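Colleague: If you want the building blocks of each chain, they are given just below.
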Amino acid sequence: MLILQCPYCGIQCDETELAPGGQAHLKRHGPGSSDEDFEAYLFDRDNPMGVHFERWRHANGCGKWFLAARCTTTLEVFGTYSAQTTEPPAEIADRIRARRPNWEGRT
Amino acid sequence: MRRYSAFAIAREALRHHTGWNRAWRSRDPKKHYKVIVIGAGGHGLATAYYLGKNYGIRDIAVLEKGWLGGGNTGRNTTIIRSNYLQDPSAAIYEKSRSLYETFSQDVNYNAMFSPRGVLMLAQTHHEVRGYQRTAHANALQGVETEFVGPERVKEIVPIINIDGPRYPVLGALWQPRGGTARHDAVAWGYARACSGMGMDIIQKCEVTGVRSDGGTVTGVTTTKGDIACDKLAIVVAGHSGHLAGMAGFRLPIESVALQALVSEPIKPCMDCVVMANTVHGYMSQSDKGEMVIGGGADGYNNYTQRGSFHHVEETVRALVETFPMISRLKMMRQWGGIVDMTGDRSPIISKTPLGNTFINCGWGTGGFKSIPGSGWAMAELVAKGEPGPLAAEFGLDRFREGRFIDESVAAGVAH
Amino acid sequence: MSHRLPQGGRLVNRDAPVGFTFDSKRMQGLEGDTLASALLANGQGIVNRSYKYHRPRGILASGPEEPNALVGLGQGKRFEPDQRATTTELFDGLSAMSQNAWPSLGFDAMAVNQWFASMMPAGFYYKTFIWPRSFWMHIYEPVIREAAASGLPPKEEDCDTYEHFHAFVDLLIVGGGIAGLQAALTAGKSGATVMLVEQAAHWGGRAPVDGAEIEGQPAEVWINETLQTLGTMKNVRLRTRCMGAGVYDHGYALAYERLTDHAPEAEGPRHRLWKIRARQIVTATGAIERPLSFAGNDLPGVMLASAVRDYVVNFGVAPGHRTVIVTNNDDAYRTALTLIDAGLEVPVVIDVRDRVNSPLAREVSRRGVAVETGAAVMKVKGKKGVEGVMLCRANGTGGAGAPVECDSVAMSGGWSPVVHLWSHCGGKLTWSDENAHFHPDPNRAPTGAEGEVFVRTAGIASGAMGTGSVLQDASAAGAAAARAAGFTAKSAAARAADAEEAPMKPVWVMPEQALPELRSKMFLDFQNDVKVSDVQLAAQEGYESVELTKRYTTLGMANDQGKLSNINGLAILAGSLGAEIPQVGTTTFRPPYQPISFGSIAGEARGEIFQPLRRTPMHEWHEANGAYWEPVGHWRRPYCYQQPGETIEQAVQREVRTTRASLGLLDASTLGKLVVKGPDAGRFLDMLYTNKMSTLKPGRCRYGLMCNENGFLSDDGVVARIDEDTFLCHTTSGGADRIHGWMEDWLQCEWWDWKVYVANVTEQCGQIAVVGPNARKVLERLGGMDVSRQALPFMGWADGELAGTPVRIYRISFSGELSYEIAVPAGRARALWDKLFAAGVEFGATAYGTEALHIMRAEKGFIMIGDETDGTVIPQDLGLDWAISKKKDDYLGKRAQQRSFMTSPDRWKLVGLETLDGSVLPDGAYALGEGDNANGQRNTIGRVTSSYHSPTLGRGIAMGLVKHGPDRMGEVIRFGKTDGGTIEAKIVSPVFYDPDGEKQDV
Amino acid sequence: MSDAMTALNGASMQGPVAAVREAALQGMVLLRGDLADETLAAVVKDLTGCDLPGQREMVQAGNTAVAWMSPDELLLLVPYEEAGTTVASLSQALEGVYHLAVDVSDARALFRISGEGAREVLARLCPVDLSPAAFGPGEMRRSRLAQVPAAFWIDETGTISLVCFRSVAGYAFGALSAAAESGPVNFL
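Chains as they are written, first to last, in the UniProt record's numbering: chain C, 1 to 107; chain X, 1 to 415; chain F, 1 to 1002; chain A, 1 to 188.
Just so you know, these hints were derived from the structure itself, not from any lab. It cannot be assumed that every hint is accurate.
Computed spacing ranges between beta-carbons, pair by pair [said to hold, decoys possible]: (1) F:Pro503 / C:Gln5: 47 to 57 Å; (2) F:Thr588 / X:Thr221: 21 to 31 Å; (3) C:Gln5 / F:Gln583: 16 to 26 Å; (4) C:Met49 / X:Lys154: 41 to 51 Å; (5) C:Pro89 / F:His262: 28 to 38 Å; (6) A:Glu116 / F:Asp92: 31 to 41 Å; (7) F:Ser134 / X:Glu151: 49 to 59 Å; (8) C:Gly105 / X:Arg152: 51 to 61 Å.
All figures in this text were calculated on a predicted structure; none of them were measured in a lab. Cβ coordinates follow ideal geometry from the N, Cα and C atoms, glycine included.
Given only the sequences and the hints, what does the whole structure look like? Please build it.
Modeller: Structure below.
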């Protein structure tokens, strides 16, 4: 039963106040994109045993989407951050490296 | 290999069962095998078994990082059915179901397949129409199903509450030859049979790398040393993405936790499997008497084999409403398994970008019921290098073409 | 023979007798008894029969680890199977039934199984019952199912209620023994909020029974003082009858409070399930004594030494007159002393250790009890109860053995810490050779959201054995947890000494060289009848992993989940494999620690509040007017309104006819309504809909389609442009929340620089569709605004008033008739609905439900999301190309629709279908193609998506998707029926009624 | 506005230590916009007499109040009759300022939970720390009530006000009543 802090309203959310939204930082490919890129956009997913970036919506709360960096094997949370970004912020990356020295960064 | 029978037991009883030999041989890996199967779960062992039985390939090693059948094969709710909507699904699940019918005799190991019937409740008008459609499809697919009314439902499962205040039972899709089997025994039976054919089943042997040359697989590196092979079959359920990474390709898969639980054992009170998809819960009773219960999967990637309790809560809530008599029964044990979910929630049985390397994964919540059929189709793919009719539609290429096999379109969710 | 002692019993009130029945036999116990102690006091030796061999079984333990004494408790609406006698508090009128015995406990027919025991070794059922095939399900399995399990299924519906409670604390401490109390005391002083839970009805755990001394006084004194101190602390909460059931990720824990099990008639919920979020969890869960493995160790009268002590000290009950004690450690000597003090006989203490010279042993000898060292029990004599034991040397095969008369045996194989809660969330264990048990490894503790350690153990649960060490360890754990939770705490433990004890000697089989004869009578798992020989067989056959052994033999898989059998079992396994116990490892510990009721998990969600039920403002009217309900999501919508004597079909046909002929009213309030506003609103909707919405003129409406990124149709509805930068989007019923989330997703996560705000105003307005040739007339009767064709043309909308009520009216039609959809503030919707009906009387107005709605839209060839679409259908399949803008270079789903499979000419496309004889096509039927596919399945070329009897046309009409359908107008194709037959239908236009749309645009 | 009705017509129940009743019609206006914008702050102050609330805060002034719902969303509580005019004046005053104001008075149901057991009634149904230390007057908390979204606040007298969607008013009242039926837990 996860607890994630909503970066928008500051609440330490119980998992049941949230709705999971899958992998974060996907780049949308629309008309004009190659079949490969479009397939990757819809279906190719990171599925790491370890650090993962994902989307959550504070559905039973302020209604905002936010992003989280989490470990899929220990469920440790490295931090949550705004959805209005294409890359994890530096402080999140630093916190991950501090706790997972051999993390190779996002694949 | 000594045959199992009542007479064998009687004979052994006289000498305190000291004469039984190992169900499967244990040995260190050879340097080379014709085929290496990674994963000694039901699907991996079935693949090896049918490679031997249908194609005479017996120079096979089945590598298992943990213990035999220790993944989802030993953690599921043992439901076997084939009342699927789409042709490709119905074909492979029905093949599987029919192989289960004769499993115990084929491998001389009693897996207790028990076609006691599977009942999928329709509790909204939309579900009624969905299941009527499935019944029509099944009629043309050679899958024996029938849409039955509430009275018949009550006949089949007297403990069910067909006129609950919220979701009265409007009918159900009934598959009389669906049922359950003893999950561990499926893995054990295949393992014993494979061993009997001279294959090596090597436990506590973790694959740490896939070796290739010029785009074609040459072998694997493991915690028990390097092993060469001509062909490689990856059949590792929840860890498929991980293994695919080693082989240098990616999969349209996410791994999530799926939970199940059992009640304390009680005397028989329910003779078939009941699935209530509107309210998200399903239940059957094991031969030991436990009510075996499952529900929905977590919505986030998770490798812990622990799920979130609110899913258990939602499931139990639904079943207490559907079967009021279980309210005073007690949950004895809950657990989780890792299931891999594909983009269309249907499995992948496919060639891969790496030559002579094949993958079988993405069974999601349908893993156990498909074991024999999956093994049968995978064996054909590995042996011939090309998919046969059963596997043809389950290739990786379908995601690029948008040619999905979507079962969620029938009112039911797959379990 | 067990009986009540003339004095003693710290937990019972001798002045308060309590009447109860067991197997319908009237018995008497005392207030404070457990059902188990009361049964013993009444001399009830046999309480159950075992699963497999139906051997007679008696009470073995005194707590939750009890494997034998499971009874059916209560009756009727309060009947509950598998209730543990040892954790059931006695109450007046309690009625218990033994399980698994027929006709009676004393004589059980199935006991013949024992004669065939040798035919039923571990996993025997995997090796037989194979032929003939059909026999498994029809002959063998039913017998096995009947024989297995013991509890009876409840027959009636539970009459009790249950509830949940969410608690947030700094520390959750599980276990109210001296360790838990000490930990709570230390942590409490730090100011941290502490919740201390104890599964039993009383505090203090074993210490008082074991005669522990704290601060120089009997433990009981310290326990009471500590409880008083804790009681005065504002930040500490104490709860008894509340079991720590499970530990989950991120500090989540479940506690199971049994509020009225001890007083079933009391007011209020029966169980309360606590959902706790704790910064830190301390498990002070104590330890469980292990049985010893000797032949006949399962006979009634053989009991754990600590349990014997409990019954004497706590309840003043003697398990026997003459008790032989067999042990591998010092603790059992306390039982000897307790029995002697109670005036009972102890003929001999049988100790496997070669020499014992400890204060406890010396004291026992001083009291004149023979102590046989290096000795063992070869077997227990007796059929339905202990009649004596055969004494033999511990090493060796046992030989003949020397008889010792006795009527009960107290055994002790050493103590195993209760590590369940520690292990639930990933805590690892380490093996102690000194105590021959697994205990938590503090270096591999469960970690929480921050990667921090969040579970600690206290006292014996940590592996600390003496009273002094227990208090030290517990205080340290309490302090450490408080500090980890952000408080300043320092450990200060109560003073106590560790009793001087000689080392224990792990012995897993007794005697060590016992032959198969004996080994097949040594029980490991009492409930599942798993014996030493079974585990050895599993190893021999290659089921070497502890998980495989467990599954093959069913060791530890019964109600007690192996609390007594696990360690003994895997020690035997290790022995058989020639491995060390730590190498073999343990099976996984899973929640709950003890079984918890399903009722408590469901909580308040029963009956009417099982799930949210969404009601429209007109719900009561529908209810009062014969509505036959249809669940749509969580909404309830009338499927139709049955008038007296009408069938559902008749009602539906009437509603359609009346509406088409004159006037019908539909409660359309469930339609989703989303306000989309901002400078970029038009641009945004152009991306969400396949059509172009930015060109829509204020005051006008347009039907739009939404697809997901996979190209599939996901929702549809009418969009009205309110002003330059404001739109109102209608969604399908129940689609509002989904589409609202969908819009927010794109605005927040993809186009966050676009200036668009969305608000879900679905429930602000009730919506009433006034439909039929007389629709305009009835609105004019109400008056207030101009609803003429000129003022309010088809596909237009206007704000105004009807009969003094502010409304917004949309001229849109889903039926093909003249139609006004009136949006009115929800609080006033019912009033307007009533007014419309009053005014509609002269036109014979009818209310109509969802089925009439469906029929009328089908007559018009309008698609329905969920009927014509199923998540695999793209707009192009439905001939909706006119609603797909060619001008836009992008919209959600556009790229997907360019993939090869989506552009294939062979996709099934929407057509109308008519049977030749006017009958109704079966809904969901498939159109037959030529021959079979490679898997032997009949080829299909299409399917029916909607099918109705049209009252307007007086025959069956259907819509369907057919391969090349639109090019095959007039062709006749065949559909399969579930009975194997076929039915023919002609391909026609999907628009069956008023193809030119004259009726709606008047 | 004579014929306007609440969802449950003022249903109420009295439990051993807490009472639940549906409140009378309450004007509610949802305002989305840039909360850092001075004009917006000024307009809100001018209309309601309330300063802009900070994160999760609720500011009260006589019979009006303003609650922080999300970083770009406020809920204005005004007399039911004034909701319409409030929206109108907002739109007028914020002409040219990027915002959204809608009347949601009829889209909601409002309950009052009173009595010493009020906090424990909610604690049975919401995954929220309702201890006085964690939740007090001046905070607007959004969460779930059993299976539906809800928002609630507590006043100085310990009475809790809870808002949910109108369509689930019956469910919410049922769940609150079930919780209020049972006695004190003596935990909070």
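Colleague: Hint by hint, note whether the structure agrees.
Modeller: Hints, one by one, checked against the model:
{"no.": "1", "hint": "F:Pro503 / C:Gln5: 47 to 57 Å", "result": "51 Å, holds"}
{"no.": "2", "hint": "F:Thr588 / X:Thr221: 21 to 31 Å", "result": "29 Å, holds"}
{"no.": "3", "hint": "C:Gln5 / F:Gln583: 16 to 26 Å", "result": "42 Å, violated"}
{"no.": "4", "hint": "C:Met49 / X:Lys154: 41 to 51 Å", "result": "47 Å, holds"}
{"no.": "5", "hint": "C:Pro89 / F:His262: 28 to 38 Å", "result": "55 Å, violated"}
{"no.": "6", "hint": "A:Glu116 / F:Asp92: 31 to 41 Å", "result": "33 Å, holds"}
{"no.": "7", "hint": "F:Ser134 / X:Glu151: 49 to 59 Å", "result": "28 Å, violated"}
{"no.": "8", "hint": "C:Gly105 / X:Arg152: 51 to 61 Å", "result": "59 Å, holds"}
In summary, the structure is inconsistent with hints 3, 5, 7 from the numbered list given earlier, while agreeing with the others.
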